[in-house]
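Participant: The residues making up each chain are set out below.
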Amino acid sequence: AQKVTQAQTEISVVEKEDVTLDCVYETRDTTYYLFWYKQPPSGELVFLIRRNSFDEQNEISGRYSWNFQKSTSSFNFTITASQVVDSAVYFCALSDTGRRALTFGSGTRLQVQP
Amino acid sequence: NAGVTQTPKFRVLKTGQSMTLLCAQDMNHEYMYWYRQDPGMGLRLIHYSVGEGTTAKGEVPDGYNVSRLKKQNFLLGLESAAPSQTSVYFCASSYGREDIQYFGAGTRLSVL
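Line order of the protein sequences matches chains Y and U.
Our numbering applies: residue 1 is where the first sequence begins, and numbers increase by one.
Our numbering applies: residue 115 is where the second sequence begins, and numbers increase by one.
The set of hints was computed from the structure by calculation and includes no laboratory data.
Take these hints with a grain of salt, some might be off.
So, partial list: chain U residues that the calculated Cβ filter (under 7 Å) puts toward chain Y [unchecked claim]:
| hint | residue |
| --- | --- |
| 1 | Ala-116 |
| 2 | Gly-156 |
| 3 | Tyr-162 |
| 4 | Glu-212 |
| 5 | Ile-214 |
| 6 | Gly-220 |
If you're wondering where the values come from, they're calculated on a predicted model, not measured in any experiment.
Cβ atoms here follow ideal geometry from the backbone N, Cα and C, with glycine treated the same way.
Go ahead and model the full structure; you've got the sequences and the hints to work with.
Facilitator: The following block contains the structure:
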């Protein structure tokens, strides 16, 4: 069975600190996709990144960076120089070939204090 | 540029009442999904559809029915609402199974 674990339930940082959100996944598939979504206080789900299992190249986009390590089944997300607007719940998700849908982790709530 | 639109945004039901949640997408996506979000549990898949006229069960389908009569619409029905169905419901759509899913704004449902 597919599983996504986000062990950090809640993280609180002060503005300008760097913060890393952890994601560990389990799958028997050799080909799969991993996603990060952001859910701000307004409630909508915003897509951040998608990565396939054959592409372990880490990516940086502005203040965001992602570290995909297939050997440890992890897909971590780092925010550099955090801002108050980064306060949200962040979800890691895994494509599920069996159900043709996404399996979500339970989410990590990030609070960035001014 | 509507994307995925859910109606209604809020609803309060009494136990035993029925209702239908409507999801509409204007991106010509084949795949559509209904999730529910409960505190501390992330999003769980209720039902999904891989094309017009098709539906399939997800992780938590009991107590819900769905229909996809038109490609752009995906309806979620509660025939006899129960307090355990109090949740936030999200609809999503995508081109294919492993493509980005685009979400609606959600429907907050309370069953008293």
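Participant: Compare the structure with each hint and give your call.
Facilitator: Consistency of the hints with the structure:
Below 7 Å, beta-carbon pairs count as interface contacts, and Ala-116 of chain U has none with chain Y, the closest being about 13 Å; its hint is therefore violated. Interface restraint check for Gly-156 of chain U: the shortest CB-CB distance to chain Y comes to about 4 Å, inside 7 Å, so the restraint holds. For Tyr-162 of chain U, the interface hint holds, the least distance from its beta-carbon to any beta-carbon of chain Y being 5 Å, beneath 7 Å. Because the closest C-beta pair between Glu-212 of chain U and chain Y is about 5 Å apart, less than 7 Å, the hint holds.
Interface hint at Ile-214 of chain U: satisfied, since its Cβ lies 5 Å from the closest Cβ of chain Y, which is below the 7 Å cut-off. Taking 7 Å as the C-beta contact cut-off toward chain Y, the hint placing Gly-220 of chain U at the interface holds, the least distance being around 5 Å.
In terms of the numbered hints stated before, the structure departs from hint 1 and from no other.
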